[in-house]
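Asker: Each chain is listed here by its residues.
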Amino acid sequence: AQSVTQLDSQVPVFEEAPVELRCNYSSSVSVYLFWYVQYPNQGLQLLLKYLSGSTLVESINGFEAEFNKSQTSFHLRKPSVHISDTAEYFCAVSEMDSSYKLIFGSGTRLLVRP
Amino acid sequence: EAQVTQNPRYLITVTGKKLTVTCSQNMNHEYMSWYRQDPGLGLRQIYYSMNVEVTDKGDVPEGYKVSRKEKRNFPLILESPSPNQTSLYFCASSLSLPSSYEQYFGPGTRLTVT
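Which chain is which? The protein sequence lines are A and B, in order.
Quick note on this note's numbering: the first sequence kicks off at 7 and runs consecutively.
Quick note on this note's numbering: the second sequence kicks off at 870 and runs consecutively.
Please note that the accuracy of each hint is not assured.
What the hints assert, rightly or not - Calculated cross-link-like contacts (lysine-lysine; reagent style DSS-like; alpha-carbon spacing at most 25 Å): (1) A:Lys107 x B:Lys886; (2) B:Lys934 x B:Lys887; (3) B:Lys938 x A:Lys55; (4) B:Lys938 x A:Lys107.
None of these hints come from the bench; they were simulated from the model.
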């Protein structure tokens with residue numbers, strides 16, 4: 007059965023520093039991978055996704071994630087964070103043969119300090 | 870404006886008193902889903918619907934019911950709420966399969982059952 011692990015429940019970082027939020031998944035078949043972001047008191051929004059092709063995917067606000075099949079990982083990175091990036095980030099996976107559902111990780115709270 | 874709406878946003882109720890949380894989308898999406906969010910557990914899917922009159926169980930369906938009589942609406946029904954259903958609930962919709970299309974989330978409903 008598929009599962010998603012986000013080992014870090016909270017990541018504090020100073021403004022303009024780089025950050026990496028880790029995501030590992032387990033699945034016996036090929037997968038689609040997603041990162042969703044939840045700003046305070048809001049619903050989730052899609053940040054970026056990997057469906058196929060290039061293993062490096064980027065968002066419009068400077069985040070990127072790389073699909074690593076051998077390590078079953080999809081870590082999210084940003085070279086320089088802003089205060090406005092403070093939010094909770096959820097990694098999600100969908101198996102190609104059951105693409106009607108997403109399985110979410112437990113979330114990582116990114117706290118950007120001035 | 871394209872959106873998913875949920876009502877009510879906040880609800881405090883007592884054990885056993887039936888309640889309904891409404892969800893409506895104005896994007897003509899086929900797929901709709903309900904999730905609950907609990908600290909440390911991320912989002913877990915309760916029920917989903919691929920289209921009108923087509924619903925199926927997610928990972929945590931016990932104690933919940935849904936219906937999809939119209940494409941735009943997907944209410945969540947708790948026939949006899951219990952304290953372990955205290956949670957933050959999100960409705961989401963997507964054009965089709967959530968693995969291929971972005972899911973749009975509502976603002977959330979915070980439910981407290983005493």
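Asker: Determine for every hint whether it applies to the structure shown.
Answerer: Comparing the hints with the structure gives:
1. Taking the CA atoms of lysine 107 (chain A) and lysine 886 (chain B), the gap is near 30 Å; set against the 25 Å cutoff, the hint is violated.
2. Between lysine 934 (chain B) and lysine 887 (chain B), the direct Cα distance comes to roughly 11 Å. Compliance with the 25 Å bound is thereby established for this hinted pair.
3. Note on lysine 938 (chain B) and lysine 55 (chain A): the hinted pairing is violated, with a Cα-Cα distance of about 31 Å set against a maximum of 25 Å.
4. Using a Cα cut-off of 25 Å, the hinted pair lysine 938 (chain B) and lysine 107 (chain A) holds, with the two alpha carbons roughly 21 Å apart.
This entry does not satisfy hints 1 and 3, going by the numbered hints stated previously.
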